Amino acid sequence: MLEQQLVNGFTLGLIYALIAVGYTMVYGVIELINFAHGEIYMLGAFLTLSFISMGLPLPLAVLLAMLAAAAIGVLLDIIAYRPLREAPRLAALITAIGMSIFLQNLAMIIWGSRPMPFPKQALPAFFSEPALTFSDVTISWMQVIIYAVAIILMIGLNLIITRTRVGTAMRALAQNQTAASLMGINVNRVISFTFALGSAMGAMAGIMVSMYYNTMYPTMGYLAGVKAFAAAVLGGIGSVPGAMLGGVVLGIAETLGAGYVSSPYRDGVAYAVMILVIIFRPSGLLGRAVTEKA
Amino acid sequence: MRGAAQSLKYLLLAAALAYPLMPFRDVYVLHVLVLIMVYMVLAMGLNILPGFCGLLDLGFVGFYGIGAYTAGLLTIHYNMSFWVIVPLAVMNGAFFGVLLGAPTLRLVGDYFAIVTFGFSELVVLFLTNEIWLTRGPLGIPGIAPISLDVTWLATLMGIDERWRYAFRGEVPYYYLAMVMVGLVFLVMTRVEDSRLGRAWLAIREDPMAAASCGVNLFAYKVIAFAVSTGIGALAGAFLARWTLFISPDMFKFWESFLVLCMVVLGGLGNIRGALVGSAILIALGEVLRVALPKLGLPAETRFLAYGLIMVIIMRFRPHGLFTQVAESTMQSSLIKDLRARIAARRTA
Chain A
4 MLEQQLVNGF TLGLIYALIA VGYTMVYGVI ELINFAHGEI YMLGAFLTLS
54 FISMGLPLPL AVLLAMLAAA AIGVLLDIIA YRPLREAPRL AALITAIGMS
104 IFLQNLAMII WGSRPMPFPK QALPAFFSEP ALTFSDVTIS WMQVIIYAVA
154 IILMIGLNLI ITRTRVGTAM RALAQNQTAA SLMGINVNRV ISFTFALGSA
204 MGAMAGIMVS MYYNTMYPTM GYLAGVKAFA AAVLGGIGSV PGAMLGGVVL
254 GIAETLGAGY VSSPYRDGVA YAVMILVIIF RPSGLLGRAV TEKA
Chain B
196 MRGAAQSLKY LLLAAALAYP LMPFRDVYVL HVLVLIMVYM VLAMGLNILP
246 GFCGLLDLGF VGFYGIGAYT AGLLTIHYNM SFWVIVPLAV MNGAFFGVLL
296 GAPTLRLVGD YFAIVTFGFS ELVVLFLTNE IWLTRGPLGI PGIAPISLDV
346 TWLATLMGID ERWRYAFRGE VPYYYLAMVM VGLVFLVMTR VEDSRLGRAW
396 LAIREDPMAA ASCGVNLFAY KVIAFAVSTG IGALAGAFLA RWTLFISPDM
446 FKFWESFLVL CMVVLGGLGN IRGALVGSAI LIALGEVLRV ALPKLGLPAE
496 TRFLAYGLIM VIIMRFRPHG LFTQVAESTM QSSLIKDLRA RIAARRTA
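Protein chains in written order, with our numbering: chain A, 4 to 297; chain B, 196 to 543.
With the rest of the complex left out, here is chain B:
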């Protein structure tokens, strides 16, 4: 069973690698796949806060937007290279993350959720109203694409004319997105196993106990916030240089909710789950986008399905689809067991 899952994984990876080179590839499918990868990065980034630290962040989209606008504006005004813009966008996202995080991280639960939500709404209001900077609701069109046309490489390698398409257009973007997902995935899995990741899990399971074991709650939460918002901004920067148009509408609350759905669907705190959740929800969204108008419904009603799916998953699998038993349940059953023993001893 385990072996089968493993081979399926490699098979999928090989298929994903080979797809753009196949003669039957489709531009629309390629676009959807790149979109899935952008959301995979977002979901892995968001996962840090609710998944690892137990902090419900409803304002993640704000940092996605900050990253996208940083990249878009720098490209438009200074014509900077993508490779310079990415670190700047990530730093900008992390900067705003710490700016919001530092005063709010002592809040827990619902209050934290609401403050982050309010922040992301303020970001959208800013993007909509500061027309001198952002052109407001019109958005920023004509962002230059990443210079990924590497046909010279094909010439250099003496590659046949039939395979040249692999070196321009969507295909290099596709592979760049794959590299991005791979890097973030690598970093996240390494972090999960590190001292940092364990400190985050300790904070999620029991902040008081973690603090009394010498975990500096504030420092670790600020790091979590900076890493999470930095990854959000990274996805935004890529998006801006890929869609070549950004507008405030693309960064509304529903996007936050969608990414949260992906993380929760896969199982909070589960990195692989975040990847699967993104793939399922984006694919479902595309299917509904095509199917709903045929039923005479506006395409926006696909959120109806998202909402319903979330309610149903929470009802029957509050820990997500792919998590067997979450640590928190184990912990609570452990505590129940302990309590039962103590009670038994008292009566004896």
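If we strip away everything but chain A, and leave its shape as in the complex, we get:
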């Protein structure tokens, strides 16, 4: 039983990790909690649904949804956050919550407020079958695919951040925006790229969750966003490997907490972890100690 829960918790954790990297990258670069990131995750699922119902094959629908989510992320920055770069930080945080509510309600208007199933006929039949069975532990093909996609995306993300010019520019911005711009880095372009990258990963997480649980609803981004943010805080906000580790730890903690402690409080695990980490170890597991700029 424990092993099965670890497997399920790990699946959930990888999904949190995929969303958490979006939070942490944006926070690293512009020090803003992008509250609307959970809504991008939700939009990823619904856009895939719409593309499939337009008759596109699954891989193309997923790819288009990721691209669309990336574009929405960039637009979000341009419309809501860029004009407020010099404004008080409170203003940007409030705008972020405003955009989150706006996108959530927009989705409600477009797709309705009731939960929708993921279109079954678009998924290959073997997805729900067990891929591996060890005595009483089963890993379904769906879980294998989540592992594979999440791990490939994260390796790719790390390569982009550490090996490419734009990745170097992102890290430079996170260190010191003024100095980076003096070195000839186009600050806004790099920030847009950060939003695009984080949003595409978040959308993929939303798509995989809606396949895994076979449901999607306009408010799904709220809770997932909070949990992913808790994961980012746990790992050390601003640190990409930290967000990945935090996501996995939180996913496992939540599953075990629900299984062995109290299932009604499964969502409470994330809040409790978040509060305790912020109070006792604000720099998180892998974060460097930061003194917050007021």
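The reader is advised that the hints may include incorrect statements.
[Said to hold, decoys possible] Quick list of in silico lysine to any residue cross-link-like pairs, SDA-like style, CA-CA up to 20 Å:
#1 B:K447 / A:Y268
#2 B:K447 / A:L63
#3 B:K447 / A:A134
#4 A:K123 / A:R269
#5 B:K489 / A:N217
#6 B:K447 / A:A275
#7 B:K489 / A:G115
#8 A:K123 / A:I163
#9 B:K447 / A:V272
#10 B:K204 / B:I475
#11 A:K123 / A:L109
#12 B:K204 / B:L381
#13 B:K447 / A:Y225
#14 B:K489 / A:S116
#15 B:K447 / A:I55
#16 B:K489 / A:M111
#17 B:K447 / A:T222
#18 B:K447 / A:Y220
#19 B:K489 / A:I113
#20 B:K447 / B:L230
#21 A:K123 / A:I55
#22 B:K447 / B:S342
#23 A:K123 / A:L226
#24 A:K123 / A:L67
#25 B:K447 / B:L328
#26 B:K489 / A:L109
#27 B:K447 / A:N191
#28 B:K489 / A:W114
#29 B:K447 / B:P336
#30 B:K447 / B:V279
#31 A:K123 / A:N217
#32 B:K447 / B:R330
#33 B:K447 / A:G187
#34 B:K447 / B:R484
#35 B:K204 / B:S389
#36 B:K447 / A:S116
It should be emphasised that the hints constitute simulated quantities derived from the structure, not laboratory data. This structure is a prediction, so every number in the text was calculated from the model and none was measured.
Following the hints, put chain B in place on chain A, whose structure we already have.
Leaving out everything else, chain B in the frame of chain A:
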């Protein structure tokens, strides 16, 4: 101009006082007006933290809920009088405020916002799951109303039968809410001008400078937290004894955001602004609640408008609608000016 604004204010106040006694009064409008007054109290209470102290509190609704449940449970189980319950609820709210505040007040900015947010979510989870205490998602129905039926007073004063309605039903609630708003407003304006209020403003503008001038940051922040959460609980206690039904759904994060919107709309740190912000947003919400279903949209989509309004206000008036120039802008322009002078002197 100033005189005109002043007379308009008194005119509005007189209209608000007289409205429930008018023959054309409407029960629905009365309810909305009482609701506006509850949110006015909430907005003034929340304003203390982000407005006066510069601490973004996203968990205010948690204390509103604590106040409401304290009042509701005490009424249901012990049938206590409203006048006993109010101080108990306020104390309970302030107690939890200090409990949360003491370890978190050294946090600033986003971290503080997130911890308060997490706390309010935990409150909702507790209210939903501790069924033995709160009946969970079913909520608590049948809370006794405040004993405000003062028709005996009308008899005593020999008041005509036609005016008796002013002594029972919604009307006494309406006036009680007005008294509550008036008292909180009075306290807040007095506090703003006091040593306490100045210390809060100093903390908002520059915590380091305030500390080096001898302001005990921790003590003043804890006081701010206790006063703010106490006022939140007061509004909750009134709500419970007015709607006569409470459930965890009424204290979700969106309520926090709504109250924050009111404070920000009016201008952070501006007490009168908080009043105007509450009136505008609740009235707008009611208009949308009626208008949206006619367009075939669920009434919940009114949050779409709220979200958009917040983004637009922040974009064009980051200091709120009614604040001319916020102190922080003045300060930063002062600093810019100083820097420019220093630079000029160096080059000279």
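(request) Find the hints from earlier in the document that the structure breaks and name them by number, from lowest to highest. (result) When the structure is compared with the hints, numbers 2, 3, 4, 5, 8, 11, 15, 22, 23, 27, 30, 33, 35 turn out to be violated.
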